[in-house]
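> Here is how the chains run, residue by residue.
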Amino acid sequence: EAEVAQSPRYKITEKSQAVAFWCDPISGHATLYWYRQILGQGPELLVQFQDESVVDDSQLPKDRFSAERLKGVDSTLKIQPAELGDSAMYLCASSLAMGAYETQYFGPGTRLLVL
Amino acid sequence: SQQGEEDPQALSIQEGENATMNCSYKTSINNLQWYRQNSGRGLVHLILIRSNEREKHSGRLRVTLDTSKKSSSLLITASRAADTASYFCATDATSGTYKYIFGTGTRLKVLA
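Those protein sequences? They're chains X and G, same order as listed.
For the first sequence, the working numbering begins at 271 and goes up steadily by one.
For the second sequence, the working numbering begins at 1099 and goes up steadily by one.
Quick caveat, the hints were computed from the structure, so don't treat them as lab data.
Incorrect hints may appear among the rest.
Unchecked claim - Partner residues aside, some chain X positions facing chain G, computed with beta carbon under 10 Å:
1) Gln276
2) Gly298
3) His299
4) Tyr303
Positions of the beta carbon are idealized from the N, C-alpha and C atoms, including for glycine.
With the sequences and hints as input, model every part of the structure.
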């Protein structure tokens, strides 16, 4: 069964360093999502792509976070510089299309710890 | 911000018992979905219920939706230790991006 791949699974970094996360969605899925999940809370959408275009980045802290999906396939989320409050699980998900009844398929996540 | 609020926040039951968790949301929706998350892992889709549906079943899962009260419930019957996980509801906005907003989650623990 096809799965969403993410790497790394775990990342420990120091405050003010740069970090990057990678996501490879299920083949053929046009819509890709990045979520941040703080321990004990539900996922919060950071950015949503339709192919290579951003359709929602209203909750993305743009002074330090950036995301790209250059060829409309895999995607990278970057944080520069990292802050202590960025410690969280970063989840990538994909869906076949952007529509009212689409199911999202999640990757295993990247757990980030900022020291 | 999170649209959905799950209740209870945590639930502990014995194996074989039924588990019920509730989700309330704030705005009009096209559909509501339930997801499960095992500790430290990604989310797995369980079931989707459309706004014009009132009840849906999938195996041991039963979901109800009351759009007049803006609430949904997830019932897991004959629970197993493997059902131990966090459960989240997710609602889509009726706006054009079909963005999903997740609730705060219910942590279920099934004791063997």
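> Are the hints correct? Go through all of them and say.
Checked hints:
1. Gln276: holds, 8 Å
2. Gly298: violated, 17 Å
3. His299: At about 14 Å, which exceeds the 10 Å cut-off, the nearest Cβ of chain G leaves the hint on histidine 299 of chain X violated.
4. Tyr303: holds, 8 Å
Comparing the model with each numbered hint stated earlier shows that hints 2, 3 do not hold.
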